[in-house]
Amino acid sequence: MTEKLQKTAITPATHTAPPAKFSHGVKKGNILQVAGQVGFGPAVPGQAPAPVGPTLREQTLQTLSNVQSVLEAGEASWEDVVMIRVYLTDTGHFAEFNEIYNEFFADLKEAPAARTTIYVGLPAGLLVEIDALAVLG
Amino acid sequence: MTEKLQKTAITPATHTAPPAKFSHGVKKGNILQVAGQVGFGPAVPGQAPAPVGPTLREQTLQTLSNVQSVLEAGEASWEDVVMIRVYLTDTGHFAEFNEIYNEFFADLKEAPAARTTIYVGLPAGLLVEIDALAVLG
Amino acid sequence: MTEKLQKTAITPATHTAPPAKFSHGVKKGNILQVAGQVGFGPAVPGQAPAPVGPTLREQTLQTLSNVQSVLEAGEASWEDVVMIRVYLTDTGHFAEFNEIYNEFFADLKEAPAARTTIYVGLPAGLLVEIDALAVLG
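Just so you know, the sequences run in chain order A, B and C. If you're matching positions, the first sequence starts at 1 in UniProt numbering and goes up one per residue. If you're matching positions, the second sequence starts at 1 in UniProt numbering and goes up one per residue. If you're matching positions, the third sequence starts at 1 in UniProt numbering and goes up one per residue.
In short, the hints are calculated from the structure, not lab data. Any given hint might turn out to be false.
Copies of the same chain look alike in the list, so a pair counts if it fits in one copy or across any two.
Mimicking DSS-like on lysine-lysine, the simulated pairs with C-alpha atoms at most 25 Å apart in a straight line are [stated by the list, open to error]: (1) Lys109 / Lys21; (2) Lys4 / Lys21; (3) Lys4 / Lys109.
Hey, can you work out the whole structure from these sequences and the hints?
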């Protein structure tokens with residue numbers, strides 16, 4: 001009853017250390033929060049992280065894969081995700097993004113997550129960022 | 001104890017199908033997440049969704065009504081909402097938005113939700129988007 | 001079992017009343033949501049809220065302090081926070097912001113929260129806004 005819930009940082013092996021004192025993901029109780037992920041390729045020791053490619057498709061698939069790595073390292077899956085926030089830099093990317101997103105989630109069994117698509121600035125070279133909230137159990 | 005929580009998509013009758021594989025709202029355990037809603041009028045078969053009017057007032061009231069439809073379809077109400085994210089396109093809209101918001105929530109009985117107002121881009125013709133997180137029970 | 005969860009508004013003594021019908025923070029069940037905080041100094045009766053200083057450092061430290069006041073008024077701490085959303089107005093502020101953030105969280109005992117850094121517009125004079133989600137218990 002009065003058991004203290006543990007908060008756990010989630011760091012997939014594929015990920016570089018975050019550039020500041022935050023976690024790629026964190027789990028407490030039945031809540032798992034994935035931090036904003038971008039299209040960086042798998043971590044290479046001694047190299048700064050860099051996006052996998054210049055296209056929206058390449059960056060989106062890598063970003064989704066990075067979110068998934070955090071979910072899996074936290075023993076969760078897309079089936080547990082209730083909210084996905086997508087940050088795009090250009091409203092003109094919406095249609096193409098949705099196409100890639102639909103392909104990626106074609107085999108989802110449970111109800112798809114809610115989503116908000118937000119048009120913001122991102123650091124140079126990045127076209128998309130995604131974070132996610134999962135409820136486990 | 002080890003009962004698997006069900007994730008349920010929420011689709012109000014007033015809503016058109018989302019333009020991609022996401023839900024207007026989703027419920028799992030005691031968490032209900034409403035996806036970003038905009039000022040689209042009630043769904044008309046065979047017609048693309050369109051905002052109800054050009055003014056901030058029309059779009060805001062319709063957007064709030066759309067969030068409410070998702071809450072109600074999930075057997076929740078504004079009284080359950082703990083966070084509202086408001087996306088505006090213009091910092092100059094803040095004062096008028098707050099006026100409309102205050103009128104809308106004048107009869108709220110429980111504590112009002114926390115809120116973040118975020119100034120972003122939105123697709124052409126849209127002035128406001130809102131998403132919401134509710135804790136049920 | 002069927003006990004109704006209470007939703008409670010959180011208003012630290014240091015804070016001015018929100019400019020609309022929302023709460024600086026709200027708690028329901030084991031979820032505590034902190035509304036978007038900015039670098040306003042402690043409330044002074046009869047004066048409009050104003051940011052503490054023009055620099056990113058001053059505003060960031062005050063903003064973090066304001067989030068912390070809400071957490072503490074809700075009997076929570078940074079150790080309970082699972083997600084921090086940081087809103088900056090300039091991607092060029094990222095490195096300096098992270099430096100300040102790291103200093104601030106140097107003594108954190110539990111895993112640091114997940115984070116998303118979002119580049120948006122803010123009202124004139126404001127350089128940073130932060131909101132936070134905590135899971136208590």
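Results of checking the hints against the structure:
With identical chains, the CA atoms of Lys109 and Lys21 are at most 25 Å apart between copies only, with a shortest distance of 12 Å across copies and 35 Å within one. Proximity of Lys4 and Lys21 under a CA criterion of 25 Å is satisfied intra-copy only: 23 Å inside one chain copy versus 34 Å between copies. In this assembly of identical chains, the alpha carbons of Lys4 and Lys109 lie at most 25 Å apart only when taken from different copies (15 Å versus 33 Å within one copy).
When the structure is compared with the earlier hints, no violation turns up for any of them.
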